[in-house]
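> Following the hints, put chain B in place on chain A, whose structure we already have.
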Amino acid sequence: MSGGFEIEPMEQFVVRPLFGGGEIHWYTPTNVTLWLFVGVVVASALLVLGARGRAVVPTKAQSIAELSYGFVHKMIEDIAGKEGLRYFPYIFTIFMFIVTANYLGLVPYAFTTTSHLAVTGFLAVAVFLSVTVLGFVRHGLGFLRLFWIDSAPLALRPILALIELISYFVRPVSHSIRLMGNMMAGHAVIQVFAAFAGILGLGAIFPIIAIGAVYGLEVIVAFIQAYVFTILTVIYLNDALHPGAH
Amino acid sequence: MASEMNPAEAAGSAGMPQLDFSTYANQIFWLVVALVVLYFVISRIAIPRIAAVLEERRNTIASELARAEELKRKAEEAEAAYEKALAEARAEAHQIIVETREALDAELKEAQAKAEEEIARMSAEAEARIAEMRESALAHVAEVARDVAGTVIGAIMPHLLDEKAVAQAVEKRVKEVSR
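From first to last, the protein sequence lines are chains A and B.
The numbering of the first sequence is the working numbering, which starts it at 1 and goes up by one.
The numbering of the second sequence is the working numbering, which starts it at 1001 and goes up by one.
Chain B with its partners taken away, still in its complex shape:
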């Protein structure tokens, strides 16, 4: 009955155009055409294209990550090299300090030795001069003592004056005192 009527009218009377089976062949035919077209567009163009974009992005991200890793490694290497150089410089500085100290010490010791030697030499000289001076002073003392003794004896008892004996006695006494 419905197939003899105009589809729109049939739908209107039936209430639900969805149940108007006279349009089914038409709808399904065009649906199949549309689906086939969409399927070819999607499977031949859209999917390869989107897959390529996603793949490219994945590769880009992977390569960027690899590059970042590489740069990080380089930075770490540079840091290690810097640390090494710093340690070397420190060791070298230490070495220089030690060497300098040793050199200074040696120089100082040498100078000290030289000074001590000089001091020893000068003190020896001084001692020699002192001894000489003392010697001559003693000689003068003996002479003065002899003169004084001779004069004293000559003044008190001139008859007993024996210059030779006085000299001997004085000399003996001086030697005793100076010892």
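Just chain A, same shape as in the assembly:
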């Protein structure tokens, strides 16, 4: 940490206690805690206060709330059918949580909770476990037909079943790392360019343009990654609801 040529792109992701220093126990309020709840408050405000007017012709905030609702609702209906709509509150919570956290992370000095593997990993494992349990509860051992591909030649089926089984268990890994990696990488790149700008001083035209460009990209990525996480959740849900339909 000595000298002027220090680039610390990962420093922004460090978890720190909110009050004072010391060890982080499981209950210690940290910057993660703060931004998790900022996310909850923002998402709640958007959805609850936005739709407060209950206007037939919506205001801007109400439009956003309604669009988010319609977006997730239609996604579930298209992919998992009417049965999937029973799980709409859970999926909608996941989508709103991630999309709000991703966008809050783009506010300068904010902490991006979705750039942490603990957060995305927990979400992915929770989805994985819920969907698997749901599949077995609804179909019993019939849920295993998900791995037994009827349309393939009989000789290939055991091999395919093994591949399917492995890919099924890899799901939470790719599910979580995709979101966390995207969030982390964009922020780290911005941080690197910002450090260059700091080193170059007044002549830092290129880093500043680059920061603008990467930031614009991140605005798109923030939404796309929330969308991808949600749509994968719905696809996994559909597998649990209709394991035979390949």
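Simulated from the structure, these hints should not be mistaken for laboratory data.
Any given hint might turn out to be false.
Said to hold, decoys possible - Derived Cβ-Cβ restraints for the label pairs, each shown as a range: (1) A1051(B) with P108(A): 12 to 22 Å; (2) E1088(B) with I64(A): 51 to 61 Å; (3) A1051(B) with W148(A): 37 to 47 Å; (4) V56(A) with E1070(B): 12 to 22 Å; (5) I205(A) with A1051(B): 45 to 55 Å; (6) G142(A) with E1070(B): 46 to 56 Å; (7) V1033(B) with D150(A): 42 to 52 Å; (8) A1051(B) with P158(A): 39 to 49 Å; (9) P1048(B) with E77(A): 14 to 24 Å; (10) V137(A) with A1051(B): 19 to 29 Å; (11) P1048(B) with A155(A): 52 to 62 Å.
As the list claims (entries may be wrong) - Capping the alpha-carbon separation at 20 Å, the derived lysine to any residue pairs in SDA-like fashion look like this: (12) K82(A) with L1054(B); (13) K74(A) with E1055(B); (14) K60(A) with E1056(B); (15) K74(A) with A1051(B); (16) K60(A) with A1052(B); (17) K1109(B) with M1133(B); (18) K74(A) with A1052(B); (19) K74(A) with P1048(B); (20) K1175(B) with A1139(B); (21) K1164(B) with R1146(B).
Heads up, the beta-carbon is just placed ideally off N, CA and C, and yes, glycines get one too.
Chain B only, in chain A's frame:
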């Protein structure tokens, strides 16, 4: 080793704070709390409210469409009634024209008949008067002829003058001529 260090320092040395597992319990605990809170807000307040708004809008649009349909139907009915009234008025006008024409025709025929009758009567009267005039003219002719004949005969051969015979001869001749 990392668990004994300050987490921030551990992260700094490890390079990736994301892989500092000592913070996981803390993050996951608060994440669960946040998710539960958000879930309750969304499922208890946000979703019913937005669903109600969307439902209300759908109903409003449906009822407005129904109202528009109703108004359209009324307009069509009014148009049909107007068309009907127009057709009736036309038929009535036609009827009136026909009746008027018939009445005029009848009147005209009557007047014509009356005029013809008058003409016939007047021509008969005229003919009668002409006949009378002719009759009297013939009578005068016979008288003049008798006088002339008597005078001529008296002047040429007075001894042969027989007024009765002259009158008879003249009368016979006049009747022949006038026939």
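> Each hint: holds or not?
Status of the hints after comparison with the structure:
1. A1051(B) with P108(A): 12 to 22 Å: Violated, at about 36 Å.
2. E1088(B) with I64(A): 51 to 61 Å: 60 Å, holds
3. A1051(B) with W148(A): 37 to 47 Å: With a Cβ separation near 39 Å, A1051(B) and W148(A) satisfy 37 to 47 Å, so the hint holds.
4. V56(A) with E1070(B): 12 to 22 Å: 20 Å, holds
5. I205(A) with A1051(B): 45 to 55 Å: 51 Å, holds
6. G142(A) with E1070(B): 46 to 56 Å: Distance hint for G142(A), E1070(B) holds at roughly 52 Å.
7. V1033(B) with D150(A): 42 to 52 Å: 44 Å, holds
8. A1051(B) with P158(A): 39 to 49 Å: Taking Cβ atoms as reference, A1051(B) and P158(A) lie about 46 Å apart, which means the hint holds.
9. P1048(B) with E77(A): 14 to 24 Å: 18 Å, holds
10. V137(A) with A1051(B): 19 to 29 Å: 26 Å, holds
11. P1048(B) with A155(A): 52 to 62 Å: Taking Cβ atoms as reference, P1048(B) and A155(A) lie about 53 Å apart, which means the hint holds.
12. K82(A) with L1054(B): 18 Å, holds
13. K74(A) with E1055(B): It holds: about 15 Å lies between the C-alpha atoms, which stays within 20 Å.
14. K60(A) with E1056(B): 18 Å, holds
15. K74(A) with A1051(B): Within the cut-off at roughly 13 Å; holds.
16. K60(A) with A1052(B): Since the Cα atoms of K60(A) and A1052(B) sit roughly 18 Å apart, the hinted pair holds (cutoff 20 Å).
17. K1109(B) with M1133(B): 35 Å, violated
18. K74(A) with A1052(B): Judged against 20 Å, a Cα distance of about 17 Å means the pair holds.
19. K74(A) with P1048(B): 16 Å, holds
20. K1175(B) with A1139(B): Given that 20 Å is the threshold and the Cα spacing comes to 10 Å, the pair holds.
21. K1164(B) with R1146(B): Satisfied, since the Cα-Cα distance of roughly 10 Å is no more than 20 Å.
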